[in-house]
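Engineer: Convert by adding 39 to the 1-based position in the sequence shown; the result is the number in our numbering.
Hints in this document: simulated from the structure, not taken from any laboratory. Some hints could be false.
[Unchecked claim] Capping the alpha-carbon separation at 27 Å, the derived lysine-lysine pairs in DSS-like fashion look like this:
#	residue 1	residue 2
1	Lys198	Lys161
2	Lys201	Lys161
3	Lys127	Lys161
4	Lys180	Lys161
[Said to hold, decoys possible] Here are the in silico distance ranges between beta carbons for each label pair:
#	residue 1	residue 2	range
5	Glu197	Thr122	33 to 41 Å
6	Lys127	Arg101	16 to 24 Å
7	Gly159	Ala81	21 to 29 Å
8	Trp186	Lys127	21 to 29 Å
Note that the coordinates shown come from a computational prediction; the quantities given were computed from them, not determined experimentally. Ideal placement from N, C-alpha and C gives every residue a C-beta, glycine not left out.
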Amino acid sequence: MQTMALLSLMALAAPLARPADTDSTEAVVRAVYDVISGPAGARDWARFRALFSDGARLISIRLTPDGPVPNVMTPDDFARRLTTNTEKNAFFESEIARRVETFGNIAHVFSTYESHRAPGDKPFARGINSFQLVKEGKSWKVMSILWDSEREGQPLPEKYLK
């Protein structure tokens, strides 16, 4: 009896993605952008976590005096990092172009993005999110997101803007 009660509580506590969030590669990428974007305030981090496979990583490229280095985060690390900013500031990130490659149960989505403080504002940042996706049962989940930003000397190539 106690085992059943414990399993029931664990099932209720487990974060669930919205059913349509993981139906396709397009849907899971769209859901990631949807969760992280919005006016100043809280984000739905339970929904965000549910978009990721176990062991998933988010990796940004940081510039240091010695050159670029990867900054590796778990989905929880990323949520804590972004919350510091989004609790006080609006942040909207949207996809402006996409390239998708799939084979069997894996997919790669090269997603060009723009970041804004408000919808329709001039972007303050652009770059590319490289999503690695895996099919788990009938659901597509994020295994990793690796991204780098446009900057002086590193403009976005025209081919990734279409």
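Engineer: All hints are to be evaluated individually against the structure, with a verdict given for each.
Structural biologist: Hint check results:
no. : hint                         : result
1   : Lys198 to Lys161             : holds, 21 Å
2   : Lys201 to Lys161             : holds, 18 Å
3   : Lys127 to Lys161             : holds, 20 Å
4   : Lys180 to Lys161             : violated, 31 Å
5   : Glu197 to Thr122: 33 to 41 Å : holds, 35 Å
6   : Lys127 to Arg101: 16 to 24 Å : holds, 22 Å
7   : Gly159 to Ala81: 21 to 29 Å  : holds, 23 Å
8   : Trp186 to Lys127: 21 to 29 Å : holds, 22 Å
Hint 4 alone, counting from the list given before, is not met by this structure.
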